[in-house]
Amino acid sequence: MNRAGGSSRIAFESRPDSPELALRGGLHEWFGADDRKRGSAWLPPMGVLIGLAWRVAGSATVPGAGPSRRVVWVGRRCWPYPPALVRHGPDGADRRLLDASVFVDPASRQERVWAVELAARCAGVGIVIGDGSELAMAESRRLQLASKDTPLMLARPSREVRELSAARTRWRVSPLAMNETENDRCQEWAVELLRCKGLRPETPGDARRWVVRRDHGTGWSTSRSADQIEDTWRAWSAGDGGVAAAVGDGPDPASRTQIA
Amino acid sequence: MITACCQQAAQAGVRADMPLAQARALFATPSVRIETHDPSADAAALYRLAVWAQRFSPVVAADGTDGLLLDVTGCARVWGGEERLLRAVVDAMQRLGFAARVMIAPTLGCAWAVSRFGSKRACLVSPDSVREALAPLPTAALRVDGAVATQLGEVGIERVGDLLELPRSTLPARFGSELLLRLDQALGQAIETIEPVRPVPPAAVERMFDGPTDRVEAIELTVRELLDEVTGELERRSCGARRVDVELLRSDLGPERLTITLGRPSQNAKHLWQLLRPKLERAHLGFGVEAVRVCACVAAKIRHEQAECDGVAGDASAAEIERSCGELLDTLRNRLGEGRVLRASLRESRLPERAFEMRDASDTGSVTAGVLMSDRPSVLFDRPSPSEVIALTPDGPVHRLTWRGEEHGATACVGPERIGGEWWRAHPTQPDRTRDYFAVRDERGRWLWLGRGVESGRWFVHGVWA
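Chains as they are written, first to last, in my numbering: chain H, 10 to 269; chain R, 746 to 1211.
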């Protein structure tokens, strides 16, 4: 079974096990939790997108072994704050993502779509993260074809969630309210799989929500299923080799795992 | 060891081949600037200067490590006399910042001797005064071996004049035939040739049409064929183009020039064509194009790399990744324009908006370490958006805030983190130089990065952990 290759249809029919599903090639759309009002400012779910970019930049090479595949950020709205691309681990700062990043600033919407498509077709690009606002259906089909081998993340404002598109998956990221007793510098996002091509409709035992958790103090991220009824806790490291796996059982907060 | 020093240092007593420590001891202050000697860089600079000096004469050669030889036979007329030529060279060298000694003499040996051992910085030796010009110079001016010069000194011959008075036939027996040859070369009685620098002309090809044509297909086809020829030539030279100019010579208008620049040298005709095509489509053909000229104006060496052979099947090699990335960046930059394809690097600043720097993606210059700050928001606003904040105590944790017309309650507040203003770069438009930053979590679970100007007391949201 070819899980990573082009014919990932089989893999997609199995149960999705983490938001890393989006790291397969194809067009993936990400919606933030911003206001639905037309014309209001919107923010892409940068924290999760940076985490996904880390999976590409951090897995390819060991630190200092030269540049890996590039991470291309298209559209000024989708540019992260560069110091946030440096990860602070126990062995000092890791700049691999910052060094692999290329920032593209197209002047118009047409140029943005063109740049995204060009980057997605390039063999030396590991992941493309772009501003996908006002994307037409025909363009999304074109991008879906172009990004057969490269994961292509397009952030879109949530008011466009009803727009048609040929994207392979659609995700929504929304912050989770935490009570005050929680760890001071933790942030949790609920990552919800809204749509996935070739996947069975959602069944009660098959929740498609996860919680991505980021500890700002240490910078490590983990993930667990948001469905409180579900038995299994799943971990997803947004950076460092963590594999989606069951790492405990029971919704006991004490068993929340941090993968280092 | 000292290789060279400036005039000031020479006055203080510094000489070539002196140990560095000894030279340092000659100065009272430690503020002596010392540079490492790089012979290959010197040679490269001399070569460039030789190519530059071709404006004075077509035959230019680099002489040793510190001299240029120009054959100006017949060139003086263009400049209006040898004296004017001399002055032009002196002026031009001065403008370039070189303290040069310039000499025009009938023979190469004479010019060499007078320029290095003569008293004047610039002078002209006429054909009948060669002997007079050489006579007062030391024997080393004849370009003889150090050993021969010492031998001459031992028998009391210090000056070239003393040598000229001796009978010629006795010289070779005592001092070898080289001395006589050098003497003859200085006097113009022996032939001496110079090996001029020959810069390689850039790879260029041109094709004429039978008559003016405005058929785009024909022009496109021609450009593609010419690109193939140019890249073939580049391949023979093991070079790649960094800049390609395509000139369309139009019948009634001036030439239309299309230029593409590349981040890394390329000899891939297909890639160059992809970059050129959008420009060619927009080109104004006028009343027809008579000829097309393609020139790889700037070229750089391409290092040969061994092809991957360690059996990493299916995975693109590192060189392949680099090549395709370079082509992607070239394509993006040539279509989107300068300053739109960037890389980021960190800077030595703690101010959030100055902590990073965007540079052109092809710029592979040195990267500063930067100040590493953990816990920075994933999105920083270009312009901080104003906010109103209620805190329970002054300087205490944030309680409620209003941002973008919505009121949020704070469920957690971390801070303050004080970031001092960079007083050494006072900025009149930025009054809040020193700021306090708080990370605040609102009731929806979103973390905001709130700042407060210490002087003005104004609050603003500077970033979001989106």
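Among the hints, erroneous ones may be present.
[Said to hold, decoys possible] Some chain R residues close to chain H (C-beta under 10 Å, calculated; not the full set):
no., residue
1, 985
2, 988
3, 1082
[As the list claims (entries may be wrong)] Derived CB-CB ranges, DEER-like:
no., chain 1, residue 1, chain 2, residue 2, range
4, R, 965, H, 207, 38 to 48 Å
5, H, 207, R, 981, 46 to 56 Å
6, R, 1022, H, 50, 21 to 31 Å
It is worth saying that the hints were derived from the structure and are not from the lab. Positions of the beta carbon are idealized from the N, C-alpha and C atoms, including for glycine.
Review point. Does residue 988 of chain R pass the interface check with chain H, least Cβ-Cβ distance below 10 Å?
Key: Result: violated, 21 Å to nearest chain H Cβ.
Review point. Is the shortest C-beta separation between residue 1082 of chain R and chain H less than 10 Å?
Key: holds (8 Å)
Check your understanding: Taking the least C-beta to C-beta distance, is residue 985 of chain R closer than 10 Å to chain H?
Key -> Result: violated, 17 Å to nearest chain H Cβ.
Review point. Honestly, do residue 1022 of chain R and residue 50 of chain H meet the 21 to 31 Å range at C-beta?
Key: For residue 50 of chain H against residue 1022 of chain R, whose Cβ atoms are near 38 Å apart, the range 21 to 31 Å is violated.
Practice item. Evaluate the given range 38 to 48 Å for the C-beta pair formed by residue 965 of chain R and residue 207 of chain H. Key: holds (43 Å)
Point to revise | Cβ distance range 46 to 56 Å for residue 207 of chain H and residue 981 of chain R, holds or violated | key: Since residue 207 of chain H and residue 981 of chain R have Cβ atoms about 52 Å apart, the given range 46 to 56 Å holds.
Violated hints, in rising order: 1, 2 and 6; the structure is consistent with all others.
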